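Mapping of the sequence shown onto this note's numbering: position 116 corresponds to residue 148, and the numbering continues sequentially without gaps.
For the record, the hints were derived by calculation from the structure and aren't laboratory data. Any given hint could be a false lead.
[Stated by the list, open to error] For each label pair, taking beta carbons as the anchor points, the in silico distance ranges come out as: (1) A226 - P193: 28 to 38 Å; (2) R70 - S215: 16 to 26 Å; (3) G217 - A106: 19 to 29 Å; (4) G109 - R52: 48 to 58 Å; (5) R44 - A85: 38 to 48 Å; (6) L55 - E77: 20 to 30 Å; (7) V104 - G217: 38 to 48 Å.
A quick note: this is a predicted structure, and the numbers were derived from the prediction, not measured. We treat Cβ as the ideally placed atom computed from N, Cα and C, and that holds for glycine.
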Amino acid sequence: MSDNAPPLTTPRVPAREAARRELSKQMYHENEPSWFQRALDAFWEWLDKLFGAASAATPGGALGLVVIVLVVLALLGALWWRLGTPHRTPTSSAALFDDRPRSAAEHRAAAEAHAAQGHWNQAVQERMRAIVRSLEERALLDVRPGRTADEAASEAGRTLPAHADRLRAAARDFDDVTYGGRSAGDGIYRRLAALDDDLERTKPVLTNNSAHSTASTADSTGSSRRGAAE
Numbered sequence: 033m034s035d036n037a038p039p040l041t042t043p044r045v046p047a048r049e050a051a052r053r054e055l056s057k058q059m060y061h062e063n064e065p066s067w068f069q070r071a072l073d074a075f076w077e078w079l080d081k082l083f084g085a086a087s088a089a090t091p092g093g094a095l096g097l098v099v100i101v102l103v104v105l106a107l108l109g110a111l112w113w114r115l116g117t118p119h120r121t122p123t124s125s126a127a128l129f130d131d132r133p134r135s136a137a138e139h140r141a142a143a144e145a146h147a148a149q150g151h152w153n154q155a156v157q158e159r160m161r162a163i164v165r166s167l168e169e170r171a172l173l174d175v176r177p178g179r180t181a182d183e184a185a186s187e188a189g190r191t192l193p194a195h196a197d198r199l200r201a202a203a204r205d206f207d208d209v210t211y212g213g214r215s216a217g218d219g220i221y222r223r224l225a226a227l228d229d230d231l232e233r234t235k236p237v238l239t240n241n242s243a244h245s246t247a248s249t250a251d252s253t254g255s256s257r258r259g260a261a262e
């Protein structure tokens, strides 16, 4: 052999395969990170690149980005505190009133107190209860435990047809706020308050049954008077 001859005579391909088999042995991989560690490292590397790109695009650099993130988190916290945890509408409506009997005036006072504090959900609930209680006190609705807002609106709409649509809308608002997770506002409460005021000034419309009953009563009274006169 000359001085310039290579020390190995193994062909290239078999040598590469032999090296691959040797390096695949477990002894060479005992200290390598696990797949979870590699994935975690890749995630942190991606997050670092993302943070770096956002910092470069944000006025003030990294400090400006931190301030923006804190402001967003504060806004989300304020919204969560204001709106509360959302919940879905149940399969059936619950009763309009609770177990504590109160007058329409008391419900109105409670509604105004909630409205003054910006508690619009509670204000809407109490104003709807005031509307129904007022109709009961005027004998336009019979006092019935367990009545729902929809039932009250449907029954009252037959006696007060000019306000039937507004009564149904008020019942929907009550259900959405009470059971549907919707947040009320000043506009919804003012609509219910205006409806309450208008109903107080509205005279009921007698149905056919009511008119027939009234006529029968009048005829009976007239007959009695004629009998007494005779």
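The hints, checked one at a time:
1. A226 - P193: 28 to 38 Å: violated (18 Å)
2. R70 - S215: 16 to 26 Å: Distance hint for R70, S215 is violated at roughly 46 Å.
3. G217 - A106: 19 to 29 Å: Given a distance of about 22 Å, which is inside 19 to 29 Å, the answer is holds.
4. G109 - R52: 48 to 58 Å: For G109 and R52 the Cβ distance comes to about 56 Å; the hint holds.
5. R44 - A85: 38 to 48 Å: Given range 38 to 48 Å: holds, Cβ gap about 44 Å.
6. L55 - E77: 20 to 30 Å: At 26 Å between Cβs, range holds.
7. V104 - G217: 38 to 48 Å: violated (24 Å)
The structure fails to meet hints 1, 2, 7 from the earlier list, while all remaining hints are met.
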